[in-house]
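**Q** Sequence:
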Amino acid sequence: MALVLHSTANKNANKTLIVSEFNGVKVELAKDFQMGVTNKTPEFIKMNPIGKIPVLETPDGPIFESNAIARYVARLNPKNNLFGSSSIENEAAISSLKRGLEALNSHLASNTYLVGHSVTLADIITVCNLVLGFKAILLKSFTSEFPHVERYFWTLVNQPNFKKVLGDIEQAKSVPPVSTQKHGQLKEAAKPKPKEEAKEAKKEEPKAVEEEEAPKPKAKNPLDLLPPSKMVLDDWKRLYSNTKTNFREVAIKGFWDMYDPEGYSLWFCDYKYNDENMVSFVTMNKVGGFLQRMDLARKYAFGKMLIIGAQAPFKVKGLWLFRGTEIPKFVMDECYDMELYEWTKVDISDEAQKERVSQMIEDAEPFEGEPLLDAKCFK
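Heads up, the sequence shown is in our numbering, so the first residue is 178 and it goes up one at a time.
Derived by calculation from the structure, the hints in this document are not laboratory data. Ideal placement from N, C-alpha and C gives every residue a C-beta, glycine not left out. A hint or two may mislead.
With a Cα cut of at most 20 Å, we get these calculated EDC-like pairs of lysine to aspartate or glutamate [as the list claims (entries may be wrong)]:
#	residue 1	residue 2
1	K217	D514
2	K492	E542
3	K421	D237
4	K522	E439
5	K312	E347
6	K556	D401
7	K203	D237
Restraint-style ranges between C-beta atoms, simulated for each label pair [unchecked claim]:
#	residue 1	residue 2	range
8	D452	K317	50 to 60 Å
9	C554	G501	12 to 22 Å
10	M435	I346	10 to 20 Å
11	Q469	Q336	28 to 38 Å
All chains should be built: construct the whole structure from the sequences, respecting the hints.
**A** Listed below in structure tokens is the structure:
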């Protein structure tokens, strides 16, 4: 039975489709999928609450985010080498995705593929990310500076498994011009007006300019209007990031020295549906999506999310530091995930709760008697 990929045909879907060709796994695009329609149906929202594509339906539950989907399909055939033929190649394949053209060109000067001696998942994802650039804006005059990348790209896109999904690729011959004129100006230039009309337009022009120059003032975030706090959030984030040794003595002590209960508040969160967390990578993917959607609060928050347990069902618990004495209203209103957790304000006069905060910040293991599967930081 084929796995169903809910998506339009695009580069993110192509990653999975090419992996499936190499892996001998049947993956089909959902029939009659319409962006803006299908992804807003209750059935789709149940798979991905934020309505983004692609989403893969699997026996283990839905998976979203294109690289996570590609990794899942790659793992379905243990005999393939898409993750490399060893654990070292596995890590190299994933890290290779982050390299830029110069690093890629340098690497390919002495290598046919990113990892090992055959196509891996890293190659599939890298080529899919390059396709749009080659087709739209990367002219020959530009890519010729990276001859090894050119050789690599054209070799792979002409392999049967790539070509079956991507079709024939033609490199861009020109870059679409970007006009510095406004749309209205272009329209006027294309169709000159009589002199009298031009004079009238000239008289009205100052009014238009006035209207353009008087946009509605953007409302300030209520958190920016709070009284100044002795705690500077960026100072804490730097201390957390830069402390590599003696974490408890340096970072944890520094945190409590900085903490201002009048300007900030600490909150424990517990996922309400831990009985659903039966697959490790799906659970980690779920938490990663939550942190991405919390980006709107990055200026006002710091968080730690722990995935706990040696076996399913896995527990998800978190600790959050927010500006203000309550959870910001705009976070509760705009981040869907907030309602999936039980939120409890930390009482720092309780030494047991204070110690629990310290343990969560430093990823103490075991945590509450259980090992950590993963720990993620929002900063």
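**Q** If a hint holds in the structure, say so; if it does not, say that too.
**A** Okay, the hints, checked on the actual structure:
For the hint linking K217 to D514, the alpha-carbon distance of about 17 Å falls within 20 Å, and the restraint holds. With a C-alpha separation of about 14 Å, the suggested pair K492 and E542 falls inside the 20 Å cut-off, and the hint holds. Between K421 and D237 the CA atoms are separated by roughly 37 Å; this puts the pair beyond 20 Å, and the hint is violated. Under the criterion of a C-alpha separation no larger than 20 Å, the hint pairing K522 with E439 is consistent with the structure, at around 14 Å.
Restraint check for K312 and E347: satisfied, since their Cα atoms lie roughly 6 Å apart, inside the 20 Å limit. Under the criterion of a C-alpha separation no larger than 20 Å, the hint pairing K556 with D401 is consistent with the structure, at around 18 Å. Our distance criterion of 20 Å between C-alpha atoms is met by K203 and D237, whose separation comes to about 16 Å. The hint said 50 to 60 Å for the Cβ distance between D452 and K317, and at roughly 56 Å that hint holds.
The given range of 12 to 22 Å is respected by C554 and G501, whose C-beta atoms sit roughly 21 Å from each other. Taking the beta carbon of each, M435 and I346 are about 54 Å apart, not inside 10 to 20 Å as hinted. At about 33 Å, the beta-carbon gap between Q469 and Q336 stays in the expected band of 28 to 38 Å.
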